[in-house]
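**Q** Each chain, written out:
Protein chains: 2
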Amino acid sequence: MPEIKSIDELKIPEPTLRRLPWYLAYAKLMMEKGETYLSSTQIANNIAVDVSIVAKDLSYVQISGRTRVGYATAELINVLERFLGFTESHKAFMFGVGNLGGALMHDNGLEQFGLKIVAGFDVKYELAGTSINRIPIHHIEKFPELQRQTGVIIGILTVPVDKAQEVSELMIQGGIRAIWNFTPFRIRVPENVVVQNTSIYAHLAVMFNRLNAIINK
Amino acid sequence: MPEIKSIDELKIPEPTLRRLPWYLAYAKLMMEKGETYLSSTQIANNIAVDVSIVAKDLSYVQISGRTRVGYATAELINVLERFLGFTESHKAFMFGVGNLGGALMHDNGLEQFGLKIVAGFDVKYELAGTSINRIPIHHIEKFPELQRQTGVIIGILTVPVDKAQEVSELMIQGGIRAIWNFTPFRIRVPENVVVQNTSIYAHLAVMFNRLNAIINK
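As they're listed, the protein sequences go chains A and B. Under our numbering, the first residue of the first sequence is numbered 1, with each subsequent residue one higher. Under our numbering, the first residue of the second sequence is numbered 1, with each subsequent residue one higher.
Extracted from the complex, chain A is given alone in its bound form (with noise of 0.2 Å):
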C-alpha cells in the first residue's frame, strides 16, 4: 500500500515541477506514436534530461515502472497531469486587461492546463461591460464583491509595472492566494500568499542577448 505523504513531503523543489511537464508532453507525443511503455532513459535521452534526474523527479509522483520495460505510458499521463493540478478546473481572475492580460484571456490553451479565467478586472470605466473571448470585464472596484460570490482565489497580474505591487496588496487583501505575476516588477507579499513570476519579457533579454553572441561570432 503506497504510504500517505505529509504536507511537508509535498514541498518538490521548484525545477522538478518545472521539468514534469516536459515528461508528461513527451509521454504524450510518445502516446500518439503507440508506445505503450517508457523508460526514464528513453525519456532522459530524448529531451536531454540526465537519466538520474528523471528518475528522481519522478519518484516525487506516486508511480511505479516495471523493471526492463518502464513506466506503462497511459498511466505516466493521467498521474502527471493528476499531480501537476492539469485536470482540476482552478478559477482565477485577470488583473489589467491591457496588451498582455487581453493576450492571455484569448489563449484557451489555459484551460487545458487546469487555469480557467473567469473575469478580467480594469481601471479603465470604458472596459467595463465588455468581453474577450466571453470573459467578462468589470471595472476593478467590483473585485472584492465578486471574489466574495466566487471565492476565487488565484490572480493573474498584468497591469502596468507602476501599478504592480498597489494592484497586488488590493488582491491580497480582496482574498487573492496565489498571484500569478507577469510584470517585470518584484512584488512583495505576506509569507501565506504564492507568487510565480513569469516574466516573458525577460526571456526575451536572454533571447536577444544569446543572439547578438552567436551573430557576432
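Since the hints were derived computationally from the structure, they do not count as laboratory data. Mixed in with the good hints, there may be bad ones.
A pair counts as met if it fits within one copy or between any two copies, since identical chains are not told apart.
[Unchecked claim] Straight-line distance between alpha carbons at most 25 Å, and here's what the computed BS3-like set of lysine-lysine pairs gives: (1) LYS56 to LYS28; (2) LYS124 to LYS28; (3) LYS142 to LYS116; (4) LYS33 to LYS11; (5) LYS11 to LYS91; (6) LYS163 to LYS142; (7) LYS28 to LYS163; (8) LYS142 to LYS91; (9) LYS124 to LYS33; (10) LYS91 to LYS163; (11) LYS124 to LYS163; (12) LYS116 to LYS91; (13) LYS116 to LYS28; (14) LYS33 to LYS163; (15) LYS56 to LYS163.
Got chain A sorted already, so can you dock chain B onto it with the hints?
**A** Chain B only, in chain A's frame:
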C-alpha cells in the same frame, strides 16, 4: 575611456539577464516618482535582491554610479534598455497560430520590449490569408520564401507538442537562428541556434502545487 568588451565578456550569466529587467522596471517606476538618483541599496531593498547581487549585475552594463548618490535614474533606464535589446526592433515570425500563438500576436506589449511579430505561419490552409492584430498569416509552405525576402531570424514556436521538434527543424533549415519555445517540449537544436524556453504552463504547475500546500496547512 571605457574599455571595449570582447564577445566572451559579453556572455552574461542568464540569472543576471533575467534580473536586469527587474531593475529597469523599478528604475522606471522611480523615474515617474521624480527620483533622479538611485543607489544599489535602494534597488536591492525594494525588489528583495541582495545588494551585492545588484551591484554585480549592474557591473555588466556600461554605467557607473556616483559615490553616495548612486546611478542617475534616466541614464540607468537608457543603458538598461539598450543593453537588453529593448530599444531595437527585432523582427520575428510566429510558428503555429493556435490559442497561444494567436494570443501572443495580440500582445502589442512585445514591441515595447523590442520584438515585432511580422508574420504568422500555420499548417491550416483556412488560416492563410487571414490576419490577427494586422499581422498577416500564411501557410507554412510560404515560410522559406518569406524568410529569404525578409531575413527574419527569430521564430516563436507555439505549435502542438507533437509537432515541436519537426517544426523547429524546419525553422532552422529555413534560416531561423533563435527559437522562443513556448511549447512544453524540449526541442533539440544544433549548437549555433539559440533556444529560449518559456513554459508558461510549467509555471502554472508550480503555482498550483504551492497553493495546495498553503491551503492545506
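**Q** Given a CA cutoff of 25 Å, do LYS124 and LYS33 count as a within-copy pair, a between-copy pair, both, or neither?
**A** between (49 Å within a copy, 22 Å between copies)
**Q** Could you place LYS33 and LYS163 in one of the four classes (within, between, both, neither) given a Cα distance threshold of 25 Å?
**A** Between copies only: 12 Å across chains, 48 Å inside a chain, cut-off 25 Å.
**Q** I want to check one pair: LYS56 and LYS163. Are their C-alpha atoms no more than 25 Å apart within a copy, between two copies, both, or neither?
**A** Intra 41 Å, inter 28 Å, cutoff 25 Å: neither.
**Q** How do LYS116 and LYS28 come out at 25 Å by Cα distance, when the copy is not named: within, between, both, or neither?
**A** Answer is within: at 22 Å inside a copy they meet the 25 Å cutoff, but 32 Å across does not.
**Q** Taking 25 Å as the upper bound on the Cα-Cα distance, should LYS124 and LYS163 be classified as within, between, both, or neither?
**A** Classified as within: same-chain Cα gap 13 Å, cross-chain 40 Å, threshold 25 Å.
**Q** Are the CA atoms of LYS124 and LYS28 at most 25 Å apart within a copy, between copies, both, or neither?
**A** between (42 Å within a copy, 22 Å between copies)
**Q** 25 Å Cα cut-off: does LYS163 pair with LYS142 within a copy, between copies, both or neither?
**A** within (18 Å within a copy, 42 Å between copies)
**Q** Could you place LYS142 and LYS116 in one of the four classes (within, between, both, neither) given a Cα distance threshold of 25 Å?
**A** Close inside one copy (19 Å), not across copies (35 Å); limit 25 Å.
**Q** Is it within a copy, between copies, both, or neither that the alpha carbon of LYS91 lies no farther than 25 Å from that of LYS163?
**A** Intra 23 Å, inter 29 Å, cutoff 25 Å: intra-copy only.
**Q** When no copy is named, should LYS56 and LYS28 be tagged within, between, both, or neither for a Cα gap of at most 25 Å?
**A** within (20 Å within a copy, 43 Å between copies)
**Q** State whether the alpha carbon distance between LYS142 and LYS91 is at most 25 Å within one copy, between copies, both, or neither.
**A** within (17 Å within a copy, 40 Å between copies)
**Q** Regarding LYS28 and LYS163, is the shortest C-alpha distance of 25 Å or less found within a copy, between copies, in both, or in neither?
**A** This pair counts as between: shortest inter-copy Cα distance 12 Å, intra-copy 40 Å.
Of the hints listed earlier, those the structure fails to meet are numbers 4, 15, in rising order.
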